[in-house]
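A.B. asks: In case you want the letters, here they are:
There are 2 protein chains.
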Amino acid sequence: MKKIHIVGLGLLGGSFALAAKEKFSDLLITGTDANEKNLQDALSLGIIQEAKESADPDTDIIILATPADKLNDLLLKTLDQVGEDTLVFDVGSTKAKLCSLVTDHPKRKQYLAAHPIAGTEYSGPKAAFKDLLDRKVMIICELEQTDLSLKEKAYELFDVLNLKLRFMDPEEHDRHLAFVSHLSHISSFMLGKTVLQKMEDEKNIFDMAGSGFASTVRLAKSSPAMWAPILTENKDNILSALDGYISNLTAFRDKIAASDGQGLSDDMKEINKIGDILDLEK
Amino acid sequence: MKKIHIVGLGLLGGSFALAAKEKFSDLLITGTDANEKNLQDALSLGIIQEAKESADPDTDIIILATPADKLNDLLLKTLDQVGEDTLVFDVGSTKAKLCSLVTDHPKRKQYLAAHPIAGTEYSGPKAAFKDLLDRKVMIICELEQTDLSLKEKAYELFDVLNLKLRFMDPEEHDRHLAFVSHLSHISSFMLGKTVLQKMEDEKNIFDMAGSGFASTVRLAKSSPAMWAPILTENKDNILSALDGYISNLTAFRDKIAASDGQGLSDDMKEINKIGDILDLEK
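From first to last, the protein sequence lines are chains A and B. No gaps in the numbering here: position 41 of the first sequence is 906 in our numbering, and each next residue is one more. No gaps in the numbering here: position 259 of the second sequence is 1124 in our numbering, and each next residue is one more.
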């Protein structure tokens, strides 16, 4: 691994760079960011060694790590220009639209659709850290569409970063992510909104917020620039998840209104089993 | 501090005991639990030194730490029987009903309405640990109704446990807690339910659950025996919080359905300020 180029030097792009540079000491990482301040930060933080609009032709891997709404055009443009021994992968949170966009592209086999399940509520190059990806799940879609020898380059990088690979089709990916990631962000943002609205009348309401509240509302600090595009790109799946959520909340609400302690308790007992499932997944 | 009696030897009661015993080495802690297994665990874990149905007349402090639906009768019964130099406090998550229940009780001045903002998603004596309460907020309601010298006993305990005292009226307490604690639990339980329902069709859905999902769904492991009573006891405030939450979710849903990226982004930017508020509160 000699040369990596990264477009989008935020939390994910930056963390890929820091981890890769640690593992391959003579690696040159070039990169660019639409935001000039981010680009300068990335240089001074050692995320990239060189600012460069486009990848050199002998680049091993190009990583596309911009917000979801920029990825479509960026992927097409990158494939159009890419050197023939370069692998391109993106790290976007939605996969179906991207995969269908490049189905007939003459350089489709140089693209790998990827999504690392890793992140924090913070964004930008200063939020990046080299252990973000360590032992995280990396989802790969349409693996069979990518050139075999180029895939080897990706595996070389993913292996040293300790990423655990999982394979699925892009539609399944987007459907699952709507439930186990996108919905969590919406629930957290709306929880934040509801309490902020209450704060207009009750100034001291946050005095009593404990660790439970902090935990459920943590994702409400996430970047709107990243999340607004995800919500619209994965609209259909998210609406299905969100409608199910609102309907469950409404049914639970009605049990509270009816003082149906037994019904509430039965519901919660059934849901408690998520504890076993999540602990198993560790 | 010579003798403390605790009714309900779970997460909170047990943690009070372990912390108090560490600070007052010659303290005798007696206690009881409606669940015989919990009682035996509390004895073997050193949470209490002696199992005892009722407090000795020379007990300094009685702590009532049962689920909310048991507290009403328990508080009345305890005050009826209490020795005259004993202070009784409860640690329940709702305060208005309890305070109004004892307004005219002849021993009202021996009661202190308290609520520590401390907990985890686990319950029972084995979940208790001595640092749970360390530097947590302890809310006190109707402070002026409690006898001055008995309050000194409470302060002595609260000070050595490093509890940070806050004072408010019981209605304000219940109103605030509905928003910054009870609503978080409901949102978390319903998130868990929504994904469990989806799992019926999509077996591997939890493979992709990252730390964000874990954080928002953590409270769905909470004890139904504790939470069902809280939800019905604080019904009116919780319905007000929950209706606001559902209405925010519905409005946000409509913006997603309309692919209104700008509107979604504006909403999220506004909500982001909760990050500053929460960080300030640390």
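Among the hints, a few may not be true.
Copies of the same chain are indistinguishable here, so a pair counts whether it falls within one copy or spans any two.
[Unchecked claim] As a list, the in silico EDC-like pairs of lysine to aspartate or glutamate whose alpha-carbon atoms are at most 20 Å apart:
| id | residue 1 | residue 2 |
| --- | --- | --- |
| 1 | 1100 | 891 |
| 2 | 1120 | 1108 |
| 3 | 972 | 1012 |
| 4 | 1120 | 934 |
| 5 | 1001 | 921 |
| 6 | 1100 | 1132 |
| 7 | 1063 | 1101 |
| 8 | 917 | 1119 |
| 9 | 1063 | 1037 |
None of these hints come from the bench; they were simulated from the model. These figures come from a predicted structure and were not determined experimentally.
A.B. asks: None of the hints should be skipped; say for each whether it holds.
C.D. replies: Status of each hint after checking the structure:
no.: 1; hint: 1100 to 891; verdict: neither (42 Å within a copy, 63 Å between copies)
no.: 2; hint: 1120 to 1108; verdict: both (19 Å within a copy, 13 Å between copies)
no.: 3; hint: 972 to 1012; verdict: within (10 Å within a copy, 81 Å between copies)
no.: 4; hint: 1120 to 934; verdict: between (41 Å within a copy, 17 Å between copies)
no.: 5; hint: 1001 to 921; verdict: neither (29 Å within a copy, 55 Å between copies)
no.: 6; hint: 1100 to 1132; verdict: between (29 Å within a copy, 17 Å between copies)
no.: 7; hint: 1063 to 1101; verdict: between (31 Å within a copy, 15 Å between copies)
no.: 8; hint: 917 to 1119; verdict: neither (58 Å within a copy, 41 Å between copies)
no.: 9; hint: 1063 to 1037; verdict: between (38 Å within a copy, 12 Å between copies)
In this structure, the hints that do not hold are numbers 1, 5 and 8, in rising order.
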